[in-house]
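Quick note on full-length UniProt numbering: the sequence shown kicks off at 1 and runs consecutively.
Simulated from the structure, these hints should not be mistaken for laboratory data.
Note that beta-carbon positions come from the ideal geometry of N, C-alpha and C, so glycine has one too.
Keep in mind that a hint or two might mislead.
Simulated crosslink set (DSS-like; lysine-lysine; CA at most 27 angstroms straight-line) [unchecked claim]:
id : residue 1 : residue 2
1  : Lys14     : Lys155
2  : Lys32     : Lys14
3  : Lys14     : Lys299
4  : Lys280    : Lys299
5  : Lys280    : Lys14
6  : Lys178    : Lys156
7  : Lys178    : Lys155
8  : Lys202    : Lys156
9  : Lys280    : Lys178
10 : Lys299    : Lys178
11 : Lys14     : Lys303
12 : Lys299    : Lys32
13 : Lys156    : Lys114
Pairwise CB distance ranges (calculated) [unchecked claim]:
id : residue 1 : residue 2 : range
14 : Gly77     : Thr57     : 14 to 24 angstroms
15 : Leu256    : Leu201    : 14 to 24 angstroms
16 : Thr203    : Lys280    : 28 to 38 angstroms
17 : Ala281    : Leu199    : 31 to 41 angstroms
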Amino acid sequence: MTRLAIELPGLSLKNPIMPASGCFGFGEEYGKYYDLNQLGAIMIKATTLTPRYGNPTPRIAETTSGMLNAIGLQNPGLSEVLTTKLSYLSQYDVPIIANVAGSTVEEYVTVCDKISQAPNVKAIELNISCPNVKEGGIAFGTDPEIAYQLTEAVKKVSQVPIYVKLSPNVTDIIPIAKAIEAGGADGLTMINTLLGMRLDLKTRQPILANQTGGLSGPAIKPVAIRLIHQVSHAVSLPIIGMGGVCTVDDVLEMYLAGASAVAVGTANFTDPYVCPNLIKALPQRMDELGISSLSQLVKEVRKERQLIC
C-alpha cells in the first residue's frame, strides 16, 4: 500500500482524491483532458429512475468565492446510465461511486438495487440532501426518522456499501448523522451545497429561475470543516469530505477535521486538471508537514478524538 492509499468500506482507493457528484458528469469530457485512471474514485452525476430535464434556465450564478446552481438533478435516467455511462467508465480501473436520488422511498430502493449490480459500481452515495428539487431530495435529509427509514430500506437491496450525503441546511446535523448510522449506512459524504440566492439589480428579480440554489466553492469550506469535525466526533462512520476543496492544504485540512477521503467539486469547473494536480502535489506537502501516510493520519486524528472525548 502506498502512502496515499486509503481503505474504506467497499473502496480500495489508490489515493483519496475523487471528483464530487454533479461537478464531473459521467467523466466523458474530463477523459479528454487526462487519464481518469489517476483518480482515487469517481462520483458520477446523480441518477434517478427516469430521465430528468432539470430546472428552467438560468441555473448557474457566480458568487464571491463560489457558485450558485439549481440544476435540479438533470440526468438521463437509470437505464441510460447503466447501458451507456457506466459502460463508458468501465474502460478505467477506477471504482465508481453512484450518486442515487429520488422522489420516493420506492424510487430510491429500485435505483439502488439495479445500479449496485453494475460491475464497476463499488459504492452508492445516497443523495438525500439536494436543495434544488421540490419533491424528495432534501426532505429525506432533514428528518432523522425519514433518513433512518430510507437508509435501512436501501441497505436491504444494495449489493455495495451505502454512503449517505448529508445536508448542511439543517439546524442540528448530529441527530441525522446518528439516525443514518443506526439505519446501517457504511459511511457518510459531506457536505452538500448551502441554500442561497442572488438578485439581479436591473430586473429586481432572482437571477436563478428556480429563485434559490446551492452555494458551493471555497466560500463554504469553513462550514464543511466545522460540520465534518462535529459529525466525526458523534459517529464512527468514515467520512468522504467535500466543500470548497481547491488545494492540497484544503485536502489535509479535511483530514484533520475527520475525513478519510476527499471529493473535489466546483474547482473542476475552473481547472479541469485540479484532481490530478492535487494527487501529484500531495506527497511533497505531506513531506513538509511530516505526514508519513494518509492512513496513519486518519488513525492519529481518530486517536486524538478518543482522548478528547
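We went through each hint and held it up to the structure:
1. Lys14 <-> Lys155: Since the Cα atoms of Lys14 and Lys155 sit roughly 26 angstroms apart, the hinted pair holds (cutoff 27 angstroms).
2. Lys32 <-> Lys14: With a Cα-Cα distance of about 22 angstroms, the restraint between Lys32 and Lys14 holds, given a limit of 27 angstroms.
3. Lys14 <-> Lys299: holds, 18 angstroms
4. Lys280 <-> Lys299: Judged against 27 angstroms, a Cα distance of about 23 angstroms means the pair holds.
5. Lys280 <-> Lys14: Holds, at roughly 12 angstroms.
6. Lys178 <-> Lys156: holds, 19 angstroms
7. Lys178 <-> Lys155: Holds, because 16 angstroms separates the two Cα atoms, which is no more than 27 angstroms.
8. Lys202 <-> Lys156: violated, 52 angstroms
9. Lys280 <-> Lys178: violated, 36 angstroms
10. Lys299 <-> Lys178: The hint holds at about 21 angstroms.
11. Lys14 <-> Lys303: Roughly 23 angstroms between the alpha carbons, so the hint for Lys14 and Lys303 holds.
12. Lys299 <-> Lys32: violated, 37 angstroms
13. Lys156 <-> Lys114: holds, 13 angstroms
14. Gly77 <-> Thr57: 14 to 24 angstroms: holds, 20 angstroms
15. Leu256 <-> Leu201: 14 to 24 angstroms: Between Leu256 and Leu201, where Cβ atoms are some 40 angstroms apart, the hint is violated.
16. Thr203 <-> Lys280: 28 to 38 angstroms: violated, 45 angstroms
17. Ala281 <-> Leu199: 31 to 41 angstroms: holds, 38 angstroms
This entry does not satisfy hints 8, 9, 12, 15, 16, going by the numbered hints stated previously.
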